[in-house]
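Build out the structure end to end from the sequences listed, making use of the hints.
The listed protein sequences derive, respectively, from chains A and B. The numbering of the first sequence is my numbering, which starts it at 1 and goes up by one. The numbering of the second sequence is my numbering, which starts it at 1 and goes up by one.
Check each hint, because a few of them may be wrong.
[What the hints assert, rightly or not] Within a straight-line C-alpha distance of at most 30 Å, the following computed DSS-like cross-link-like pairs (lysine-lysine) qualify:
| no. | chain 1 | residue 1 | chain 2 | residue 2 |
| --- | --- | --- | --- | --- |
| 1 | A | K88 | B | K396 |
| 2 | B | K58 | B | K113 |
| 3 | B | K16 | B | K295 |
| 4 | A | K89 | B | K295 |
| 5 | B | K16 | A | K62 |
| 6 | B | K152 | A | K11 |
By construction, these hints were calculated from the structure, which means they are not laboratory data.
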Amino acid sequence: MLKKGDYVEIKITILNPDERAENLPEDTKRVPYEGKLRGYLLNNAEIGELVEIETPIGRIVKGILLGLVKEYEHNFGEPIRELIDVGKKIREKYLRE
Amino acid sequence: MGKVEEFLKKSSIIMKKSLAGLDYDKFEKKFISFDYNELMNSVPYNINEIIKIQREFKVGGTPLYELKNINKIIKKLSKPGYGAKILLKDEANNASGSFKARRASLSIYHAKKLGYEGVVAETSGNYGAAVASQAAQMNLKAIIVQEVFDSKWIGQPEILEKGRACEAYGAEVWQMTVGPELFYMTLLILNETGYFNASLYTPYGVRGIETLGFEIANEVREKYGKYPDYVLVTHAGGGNVTGTKRGLIEGGAKDTKVIGVSVDLRGLHMASDRDFNRKSFTTGHTGFGVPFMVKPDRTDVPRNAARPLRYIDEYFIVSQGEVFYTTILLAQIEGIERGPAGNTSLAAAIPFATQLPEDKIIVVQETEYTGAGKHPFAQLSFAKKMDVEILRGDPKDNVPGKIIVIPDDISQLRYEKIPLEEIKKSYLKNAIQNLDEITKDDLKFLKEEINELESDFVERFLFEKGVKIYG
Numbered sequence: 001m002l003k004k005g006d007y008v009e010i011k012i013t014i015l016n017p018d019e020r021a022e023n024l025p026e027d028t029k030r031v032p033y034e035g036k037l038r039g040y041l042l043n044n045a046e047i048g049e050l051v052e053i054e055t056p057i058g059r060i061v062k063g064i065l066l067g068l069v070k071e072y073e074h075n076f077g078e079p080i081r082e083l084i085d086v087g088k089k090i091r092e093k094y095l096r097e
Numbered sequence: 001m002g003k004v005e006e007f008l009k010k011s012s013i014i015m016k017k018s019l020a021g022l023d024y025d026k027f028e029k030k031f032i033s034f035d036y037n038e039l040m041n042s043v044p045y046n047i048n049e050i051i052k053i054q055r056e057f058k059v060g061g062t063p064l065y066e067l068k069n070i071n072k073i074i075k076k077l078s079k080p081g082y083g084a085k086i087l088l089k090d091e092a093n094n095a096s097g098s099f100k101a102r103r104a105s106l107s108i109y110h111a112k113k114l115g116y117e118g119v120v121a122e123t124s125g126n127y128g129a130a131v132a133s134q135a136a137q138m139n140l141k142a143i144i145v146q147e148v149f150d151s152k153w154i155g156q157p158e159i160l161e162k163g164r165a166c167e168a169y170g171a172e173v174w175q176m177t178v179g180p181e182l183f184y185m186t187l188l189i190l191n192e193t194g195y196f197n198a199s200l201y202t203p204y205g206v207r208g209i210e211t212l213g214f215e216i217a218n219e220v221r222e223k224y225g226k227y228p229d230y231v232l233v234t235h236a237g238g239g240n241v242t243g244t245k246r247g248l249i250e251g252g253a254k255d256t257k258v259i260g261v262s263v264d265l266r267g268l269h270m271a272s273d274r275d276f277n278r279k280s281f282t283t284g285h286t287g288f289g290v291p292f293m294v295k296p297d298r299t300d301v302p303r304n305a306a307r308p309l310r311y312i313d314e315y316f317i318v319s320q321g322e323v324f325y326t327t328i329l330l331a332q333i334e335g336i337e338r339g340p341a342g343n344t345s346l347a348a349a350i351p352f353a354t355q356l357p358e359d360k361i362i363v364v365q366e367t368e369y370t371g372a373g374k375h376p377f378a379q380l381s382f383a384k385k386m387d388v389e390i391l392r393g394d395p396k397d398n399v400p401g402k403i404i405v406i407p408d409d410i411s412q413l414r415y416e417k418i419p420l421e422e423i424k425k426s427y428l429k430n431a432i433q434n435l436d437e438i439t440k441d442d443l444k445f446l447k448e449e450i451n452e453l454e455s456d457f458v459e460r461f462l463f464e465k466g467v468k469i470y471g
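Written out as structure tokens, the structure reads:
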């Protein structure tokens, strides 16, 4: 059970596959057009329920409750072998004093 | 007619309400032309007023650096007497970390003046953070609508970061799945909220960039006693090329050539759910660069104020691996960590400089902040997960969506010059549609649109297509 006031994420389906825009590539046409939005839960609810949230600017929006907002998943990745020594190689070849 | 197409019939009413005081109808002319200058002049601020507004909101006055180590190498790679000097305008120093703050500031300022409660912007780029940052300063609410995820909810790391930045500035952020319906979504929100449409493509957005060209013209003249010979601009939707060139002209640098540079993503479909996450660049690429030259009015406003073919002198493309290489080079030998997308034009500037006489000056006119998700390591780690191969070698072996080649050495950087003639012809073909006659005004408009005022390029094209000119 998530509580009123929790900072949560909801999913909103804007268009079902048969409602999507014309002239789309096949792979895009067969999936729904959806979005995610974050805000404060207005009432206690379970994941998967249709809920209302208040967005950071104070608007009320309805959607399916996905859960609490978790940590950001994007990061700096792993150091890429092909790039880490770019400066070292350049310095040796062109900038030796 | 589908649900989307049905709703889009209302788009002109929604746009009008969301852009109060800007009546696009009054600029329209028969059959295909409109008064572009009148549209641009409808912005009630001159360049000095725009500068003043921008400074008030932490925009502009960014440093212009000489890239000393890169320039030293360029000299070594060039034949005697050759090797132009590269200067870099460090636009990452604007509030929100990119030149997009220039683009947002005037728009948001104007929305505030008109009494709007909030602003809406459809953007997956740095513009979102720029709008959110400017709106925060001017006490307006901001809603940013982004294309972020494929249908498996895998987010493009760069856009996830841009979404985070928008949140950091207090905006409501809609993170959408792949699809051109982003425009539909934005209209739905504009319709529901009655907020201002802070589109990238209004005259406010584009005129806000003029200060960048203006600053470059003045700073280079003051420091080097002449205007720059070339300004290289990372090109996507066309606003950067348009605004920069207009600002250069306003600053007196009428002969400075503006070269647009995009990352080569040819072969990847921009609306494809699968291709979406096989791109390691989400902006500054050919997927926007070419279509926006051919059909500038494909936007969220009735007429696009960004009209790159009017202002672009040449068009270069570079590969993803070359821009990543240049980004690390900039960090490791020039000591500034930026981009990568904003370094697209720098990647072309290096090989271009080796072919120019040593007294020439090239300005690379932007940088952007880097961060989690944006950084080359983040993008390449993600690309590997999406089964894109990363190799070291000759960038010519690059295949968008399949192979990213990191150069072995700076001497392997190169650029491909795309003939503008073909793009201009595509523009004309699109503009005349199926008309068999157009007016003299239309002819003049077309000549201005593709910057062929002195030649008979347009006349020859119309003759070949059997289009008559009357009136």
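>> Against the 30 Å threshold, does the CA-CA distance of K152 (chain B) and K11 (chain A) hold or violate the hint?
In response: holds, 13 Å
> CA of K16 (chain B) to CA of K295 (chain B), is that 30 Å or under?
Replying inline: holds, 21 Å
> Is the straight-line distance between the alpha-carbon of K89 (chain A) and that of K295 (chain B) 30 Å or less?
Replying inline: This hinted pair is violated, its Cα atoms lying about 43 Å apart.
> Has the given pair, K16 (chain B) with K62 (chain A), been kept, meaning a C-alpha gap of at most 30 Å?
Replying inline: holds, 27 Å
>> Check the hint pairing K58 (chain B) with K113 (chain B) against an upper bound of 30 Å on the C-alpha distance.
In response: holds, 18 Å
>> For K88 (chain A) and K396 (chain B), compute the direct alpha-carbon distance and say whether it is at most 30 Å.
In response: Holds. K88 (chain A) to K396 (chain B) sits at ~24 Å (cutoff 30 Å).
Of the numbered hints stated above, the single one contradicted by the structure is hint 4.
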